Amino acid sequence: MTRCGWLVIGMTLLCALTPSVGHGQVLTVTGAHNLTFGTVLPGVSSVISRTDPANAGRFNIFSDQQGNQIRMTFTLPAAMIGPAGAQMPLVFGAADAGFSATQNINGQVAFDPRTPFNQALPNNGRCSVFLGGRANPATNQRAGAYAGTITLTVTVLQ
Amino acid sequence: MKHASWLVAVGLFATSLDAQGVMVAPHAVYIDHRVRSGSVLLYNPGTEPVEVTISTFFGYPVTDSTGTIMLRTVEAPDSTQPSALAWVQAFPRRLTVAPLERQTVRLLGRPPAALADGEYWLRLVIAAKGGQVPVTGIPDSSGIQVGLTLEVRTVIGVAYRKGAVSTGVALSNVRAQLKGDTLFTWGRLERRGNAAFVGVVRGTLVDSTRAVRASFTSPLGVYFTMEPRIAVVVGRLPRGRYWLRYEVAAEREDLDPAVVLKAPTVRDSVQLVVP
Numbered sequence: 001m002t003r004c005g006w007l008v009i010g011m012t013l014l015c016a017l018t019p020s021v022g023h024g025q026v027l028t029v030t031g032a033h034n035l036t037f038g039t040v041l042p043g044v045s046s047v048i049s050r051t052d053p054a055n056a057g058r059f060n061i062f063s064d065q066q067g068n069q070i071r072m073t074f075t076l077p078a079a080m081i082g083p084a085g086a087q088m089p090l091v092f093g094a095a096d097a098g099f100s101a102t103q104n105i106n107g108q109v110a111f112d113p114r115t116p117f118n119q120a121l122p123n124n125g126r127c128s129v130f131l132g133g134r135a136n137p138a139t140n141q142r143a144g145a146y147a148g149t150i151t152l153t154v155t156v157l158q
Numbered sequence: 159m160k161h162a163s164w165l166v167a168v169g170l171f172a173t174s175l176d177a178q179g180v181m182v183a184p185h186a187v188y189i190d191h192r193v194r195s196g197s198v199l200l201y202n203p204g205t206e207p208v209e210v211t212i213s214t215f216f217g218y219p220v221t222d223s224t225g226t227i228m229l230r231t232v233e234a235p236d237s238t239q240p241s242a243l244a245w246v247q248a249f250p251r252r253l254t255v256a257p258l259e260r261q262t263v264r265l266l267g268r269p270p271a272a273l274a275d276g277e278y279w280l281r282l283v284i285a286a287k288g289g290q291v292p293v294t295g296i297p298d299s300s301g302i303q304v305g306l307t308l309e310v311r312t313v314i315g316v317a318y319r320k321g322a323v324s325t326g327v328a329l330s331n332v333r334a335q336l337k338g339d340t341l342f343t344w345g346r347l348e349r350r351g352n353a354a355f356v357g358v359v360r361g362t363l364v365d366s367t368r369a370v371r372a373s374f375t376s377p378l379g380v381y382f383t384m385e386p387r388i389a390v391v392v393g394r395l396p397r398g399r400y401w402l403r404y405e406v407a408a409e410r411e412d413l414d415p416a417v418v419l420k421a422p423t424v425r426d427s428v429q430l431v432v433p
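Which chain is which? The protein sequence lines are A and B, in order. Numbering of the first sequence is given in this note's numbering, commencing with residue 1 and proceeding in unit increments. Numbering of the second sequence is given in this note's numbering, commencing with residue 159 and proceeding in unit increments.
What the hints contain is simulated information worked out from the structure, not anything from laboratory work. Predicted model, so just to flag it, every value in this text is computed and none were measured. Just so it is clear, CB atoms sit at the ideal spot from N, CA and C, and this is done for glycine as well. Certain hints may be false.
[Claimed, not checked] Chain B stretches covered by chain A per the calculated footprint, using a threshold of three residues with CB under 8 angstroms from any CB of chain A:
#1 214-227
#2 305-318
#3 393-400
#4 421-433
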């Protein structure tokens, strides 16, 4: 779709939503990019850095509540589940998550995704959270598709 | 709301259409006992349907020993807690929001007949999950494919107000400490009245000539008692005496003025010496 098309949609939303919402207070949290482990070989750990633009997990946060404190809490699986209940361990380290007030993957402040992290929303209301991790397939890892879910909970602290 | 904010939001959506999640508005819901209902708008900015699950719990912000704000949750609040968990319900609790569509979640209060005047709280959890996400990864000779799906949960506050509600805050034990280029401040805040204090903390650091060296504004809600730590980068300060002026005001630009309860502004100040 062209930029003009998006502008039309945007203006339509602007008109349609404003009366319903009233005074401000928009908060949007989206999972923008799945954490992706490329080729996984049995017995070979696969490590994804939170600064890997192609493979790091990414959440985008937008709000018009500049300065408001939010608390971010990850729920991380210990393993991915595969065929017939086979498991592939996952490990997340103390610096595997990053917060960027500019949404720039190269401008992150590292934090531990295993513990909650507080942050004030930046002045433009936009920020991103990045996530890396390690998959540890066993040498006899069963072939098939493995999946899991990473949850980011964003709590408005007011 | 400010129209400019909507334009910013729409601009963001336009570049993030593969995102899984929903826009939630407002981020704080106030229900008046005379109406007994409220609503939350959900909008799906993405190109795939989003499955949304609504749940509730009771909790409120507190601070830990370092001053970090956290949410204290109470699984089974008793009658001494100002909880609306048992009698405010959300409808529907499961829904699917189609791409570029919006849906409304209704909140309906059915309080007990003898409910005393005051403010009662709960937290609303909006869990959003994208539709079927293909397993990603590059197939290889091992035949192992790996994919991790992202899910988001947004937790917002809900306050139910009945009858005469009032609030206020008492300020004490204001402290400040310089570490490197950062000023850390604390203040003990005790809520007054029968409703949460929703406002801002404003801090101003002035030097001996009364010139402002740094300032900050931090929105917060005081439900019972807290001692929030607020950090602000002030840069390297030259030797001398400084004063932190600290005030807590019942003002919020981001909230409808009708829901921000009036309360006296409280102030204090503390001196710092840079040796």
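Each hint tested on the structure:
Under a criterion of three residues with beta carbons nearer than 8 angstroms to beta carbons of chain A, the stated coverage of the stretch 214-227 of chain B is upheld, 3 such residues being counted. Chain A is given as covering the stretch 305-318 of chain B, and this holds because 11 residues of the stretch bring a CB closer than 8 angstroms to a CB of that chain, at least three being needed. For the stretch 393-400 of chain B, the stated coverage by chain A is not satisfied: 0 residues place a CB nearer than 8 angstroms to a CB of that chain, which falls below the threshold of 3. Only residues whose C-beta sits within less than 8 angstroms of a C-beta in chain A count toward coverage, and the stretch 421-433 of chain B has 0 of them, not enough to reach three; the restraint is violated.
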